[in-house]
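> The lines below spell out each chain.
2 protein chains.
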Amino acid sequence: MIRPRRKARGPTVSVLRIGHRPGRDPRLTTHLALAARAWGAERMFLNPPDAELASRIDAVSREWGGSFRVEPASDWRAVVREHAGGVAHLTMYGEPLDRLLPKLAAAPRLLLVVGGAKVPAELYRRADWNIAVGSEPHSEVAAVAVLMDRLRGIPKRGARPGARRVILPQPRGKRVLVRRAGRP
Amino acid sequence: MIRPRRKARGPTVSVLRIGHRPGRDPRLTTHLALAARAWGAERMFLNPPDAELASRIDAVSREWGGSFRVEPASDWRAVVREHAGGVAHLTMYGEPLDRLLPKLAAAPRLLLVVGGAKVPAELYRRADWNIAVGSEPHSEVAAVAVLMDRLRGIPKRGARPGARRVILPQPRGKRVLVRRAGRP
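Just so you know, the protein sequences line up as chains A and B, in that order.
Note that my numbering numbers the first sequence so that position 144 is 144, with each residue one more than the last.
Note that my numbering numbers the second sequence so that position 162 is 162, with each residue one more than the last.
Hints in this document: simulated from the structure, not taken from any laboratory.
Watch out, some of these pointers could steer you wrong.
For chains that are exact copies, the list does not tell them apart, and a pair is met inside one copy or across any two.
Straight-line alpha carbon distances no greater than 25 Å define the calculated BS3-like cross-link-like pairs of lysine-lysine that follow [as the list claims (entries may be wrong)]:
1) Lys156 with Lys103
2) Lys103 with Lys118
3) Lys118 with Lys174
4) Lys103 with Lys174
Okay, chain A solo, but in the shape it has when bound (with noise of 0.2 Å):
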């Protein structure tokens, strides 16, 4: 018997990620949708949209569960636009996430935002906030999960919604739970 999930603390986030050039980075962008699901965001708005990418990433989420999606934007400025609740432009440029993090914390909404290696300038103006984690070069997946872990911690254990696979923690080795179609 598996427990399911609680609720996460934490504000809802949705990612968005700028000036994925599909082809080229396929596996980071991967990783980096990955990991904003681990980590309990609702879904990831692609800019460029990539649909072999986000087809993928459905596919893991009919296995371990949830309803995490990878969205096509091919505006971006209309996902932040729309977006109601705080904007958090992540850029090793901004202001320490220490001195940020009470006020993310505070709103019950966040849209996270990463670029590639060129960020539209306007970005830097568009963004409630301007956000370093860590003020040196590394990685948009770092940034994102170390943020999230910040705000809502680590994932809950225990099986999501729909799941068909639920992992067991073992000390060595692997244990997986996979359930028959149809049983709850």
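Based on these hints, arrange chain B on the given structure of chain A.
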């Protein structure tokens, strides 16, 4: 005048990346190395070696300071065997990070081992701990960054030894201090 960086708390950390595919995933392994560096790891051993990647990371350390390096590891078993400290293998099948964190924090030296798609089964036996940073698939970049963030906190601001560049955090836009050669 930029403060020198204060020493971080927690164990001294090295990372060992197994199953790198030169040519296939340079960006993912680059992000892993940069995240390890940014959170204060001393070095990343890379198996199989990739001289081009190591030299790109050297360039980052010349620019941003500190002594982080990517070291070639043709024989990953030798790196694990010769490591004078705890060996923590990061895998979604392992024991929850929350449970093991006190043990990790008490170790003076840690080697964090992350695999690629295929992890040799014997790694589960050779590690002192198999640690799950969340029991779902995501990213070795996220796993290393979050574990180091929990262990040592976010990197302190201020210049690293030898840094030519230091970011001055800003609410909007970019501000970088570039030192001339020969100036402290």
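> Against each hint, give a clear statement of whether it holds in the structure.
Hint-by-hint comparison with the structure:
{"no.": "1", "hint": "Lys156 with Lys103", "in the structure": "both (23 Å within a copy, 20 Å between copies)"}
{"no.": "2", "hint": "Lys103 with Lys118", "in the structure": "neither (27 Å within a copy, 41 Å between copies)"}
{"no.": "3", "hint": "Lys118 with Lys174", "in the structure": "between (40 Å within a copy, 13 Å between copies)"}
{"no.": "4", "hint": "Lys103 with Lys174", "in the structure": "between (40 Å within a copy, 22 Å between copies)"}
In this structure, only the earlier hint numbered 2 is contradicted, and the remaining ones agree with it.
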